[in-house]
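S.K.: Chains as they are written, first to last, in the numbering used here: chain A, 1 to 332; chain B, 1 to 293.
Watch out, some of these pointers could steer you wrong.
To be verified - Derived list of chain B stretches under chain A, where covered just means 3 residues or more per stretch with a C-beta under 8 Å from a C-beta of chain A:
1. 36-46
2. 156-167
To be verified - Okay, derived cross-link-like pairs now, DMTMM-like style, lysine to aspartate or glutamate, Cα gap no bigger than 20 Å in a straight line:
3. A/LYS286 <-> B/ASP236
4. A/LYS286 <-> A/ASP270
5. A/LYS286 <-> A/ASP90
6. A/LYS286 <-> B/ASP153
Unchecked claim - Stretch by stretch, here's where chain B covers chain A in the computed footprint (C-beta under 8 Å, at least three residues):
7. 140-149
8. 177-189
If you are wondering where the hints come from, they were derived from the structure by calculation, not from laboratory data.
Please read all numbers here as calculations on a predicted model, not as lab measurements.
C-beta: ideal position from N, C-alpha, C; glycine also.
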Amino acid sequence: MTSTYLPDKRTGPDIELPPPAVGAARGRTRRRLLHWVTAMGFQVPALVLFIGLVLLPMLFALYAAFFRWGGFGMPSDYVGVDNFTRLFDDPVFLGDLWRCLVLVVLSLALQLPFALAMAVLLNQRIRGRAVYRMLFFAPYILSEAITGVLFSMIFAPDDGLADHVLGSVGLGGLGGTWFADPSTVMATLFLVMMWKYFGFHMMLYLAGLQSIPAELTEAALIDGASAWQRFRNVTLPLLAPTLRISAFLSVIGSIQLFDLVWVITQGGPDHHSETMAVTMFQFGFKRYQVGYASAVSVVMFGISLVFALAYQRFVLRRDLEGATTTMRGGGK
Amino acid sequence: MTLTQKAPARTAPTRTAPGRRQRGRTLPVHVVLVIVGAVMAVPLLYAVLSGFKSTDQLSRNPIGLPDPWVTSNYTGILGSGSFWQLVGSSALIAIGTTVLVVAASALAAFSFARFAFRGREFLFTLFTMGLMFPFAVAALPLFLLLRSLGLLDNPLGVILPQAAFGLPMTIIILRGFFREIPGELEEAATLDGCSPFGFFWRILLPMARPALGTVSVLAVIASWNNFLLPLLVFTDSTWWTIPIGVQQFQGQYSAEYAKVFAYLVLAMVPALAFYSVAERQLVGGLAAGATKG
Chain A
1 MTSTYLPDKR TGPDIELPPP AVGAARGRTR RRLLHWVTAM GFQVPALVLF
51 IGLVLLPMLF ALYAAFFRWG GFGMPSDYVG VDNFTRLFDD PVFLGDLWRC
101 LVLVVLSLAL QLPFALAMAV LLNQRIRGRA VYRMLFFAPY ILSEAITGVL
151 FSMIFAPDDG LADHVLGSVG LGGLGGTWFA DPSTVMATLF LVMMWKYFGF
201 HMMLYLAGLQ SIPAELTEAA LIDGASAWQR FRNVTLPLLA PTLRISAFLS
251 VIGSIQLFDL VWVITQGGPD HHSETMAVTM FQFGFKRYQV GYASAVSVVM
301 FGISLVFALA YQRFVLRRDL EGATTTMRGG GK
Chain B
1 MTLTQKAPAR TAPTRTAPGR RQRGRTLPVH VVLVIVGAVM AVPLLYAVLS
51 GFKSTDQLSR NPIGLPDPWV TSNYTGILGS GSFWQLVGSS ALIAIGTTVL
101 VVAASALAAF SFARFAFRGR EFLFTLFTMG LMFPFAVAAL PLFLLLRSLG
151 LLDNPLGVIL PQAAFGLPMT IIILRGFFRE IPGELEEAAT LDGCSPFGFF
201 WRILLPMARP ALGTVSVLAV IASWNNFLLP LLVFTDSTWW TIPIGVQQFQ
251 GQYSAEYAKV FAYLVLAMVP ALAFYSVAER QLVGGLAAGA TKG
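Isolated chain A (complex conformation) (with noise of 0.2 Å):
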């Protein structure tokens, strides 16, 4: 820490103050409290933002979970916790839950192990990485909303791109149901966020990859580690740090999934690709069952904040402080 404008004892003037007197002391009180008033009056136009925009509403959504509302005028009808009972009986939020998992799973299983498998080939000194860098994580940039009705014709059955490239290598038995059918529509799914997302996780890891001295793994080298050995004792432990970061990302990113589904499929069909959020968005703004879909909303958070608590705890200790600077909602 090097701050400047420390009021203790350890600063200049303070040392050349005389010893102690009353006045003295009073002066300093009052240098003090002159001290917070300042640094806090830097916080104010952050903290009125984050109070009344964020903080609010949220304490806001809890306390509305307890009642029955239509969202007009302040909720009265009070139910207790009749909206969480509700829910948990619920068998479309209990497969929301059963959805998120499984794409948890296979966003931990498949799509992190991919970016980095493409991060290190992309560390290499090797023709046209740049464009392949930028290829892989243009994506990214895009909005959900385009990369959702763009996907969605691309999987539009029959006459989409999709069935077409099938059918033109002689696969067009695979095909056609796509978003359409509830066996293959969260595959589907799966499929579109890894496009859209994983180049985000490959550029975390370049940019691990690339702050490990390459001194290290020369050293293994000389010493007769095999390329996988480099991998997995030098390179991997080194970047361990940005793993983790990227995988709480990811798992964030999964329990608030909702504008690619909402674009592609609306939770359809027959609600088998539906999200929390999703639900949320159907019965607060769709049905008018504010109170509810509070109570999804607070479910919502409650499993955010108990993993982000969890795996602060466990899995990220000190790691975490001014680590996670990504986009807002970056990288399910």
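Use these hints to put chain B onto chain A, whose structure you have.
M.R.: Only chain B this time, still in chain A's reference frame:
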């Protein structure tokens, strides 16, 4: 994936000359990259080409090059005012959000990085917790709040919440950068009679220009692509942003595939153009995040 890349190298390192090793190793790597690159690029190229076809032609000739090249899809959209209106409101909202979130965050980050004061750790934890608050959780009450403030169908109704939700990340990045600026500089400025705000405004901010660039780029992209908030706030089309416009356009012209593809492509152009200009800041921001700690 990893296997294709590693297998040839496993026996190589100690025995072969560097040149041969490189070549033997890069061929499978290139094959993999070309395949993945194709999967990434084909959806985008397909959209561009399909935009140059008529919908009739698209159903007859889905994969090949357009014949003839039809430009009316693109020119029709570019000639209509509604597309430019979307671009305009997306830009206005992105700029408003960015200015607000960067200004408020820079002040707060300065205080976090350079002052020791009671409650600092608590406040900072509060902001970092904000990283975990899914926007979807606050969406309902936020909507009700904006409605009661009369901010629906008003760009401020999107700008203010976006800025508020962007604060945690922006503050964390800027705080990191501000802490790295040497304390001697600040002492010198203070001795020369510079107030804390004077130091912040005249010395710290100009020095932190790269960091400000990074967070601004991140904020612009997040705002540009935001979907849920404008979807809630803008009930009529006056202030629709590009993501909303795209979704509406598809709904409206669902039978005219070629038109929708052209629309998608044009909607992608600003984001991709911005990316190519601001790649350095963007990737720098990700790098700063990924490697710290």
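S.K.: All the hints need checking, so say for each whether the structure fits it.
M.R.: Hint-by-hint comparison with the structure:
no.: 1; hint: 36-46; in the structure: holds (count 9)
no.: 2; hint: 156-167; in the structure: holds (count 7)
no.: 3; hint: A/LYS286 <-> B/ASP236; in the structure: holds, 17 Å
no.: 4; hint: A/LYS286 <-> A/ASP270; in the structure: holds, 16 Å
no.: 5; hint: A/LYS286 <-> A/ASP90; in the structure: holds, 18 Å
no.: 6; hint: A/LYS286 <-> B/ASP153; in the structure: holds, 18 Å
no.: 7; hint: 140-149; in the structure: holds (count 8)
no.: 8; hint: 177-189; in the structure: violated (count 0)
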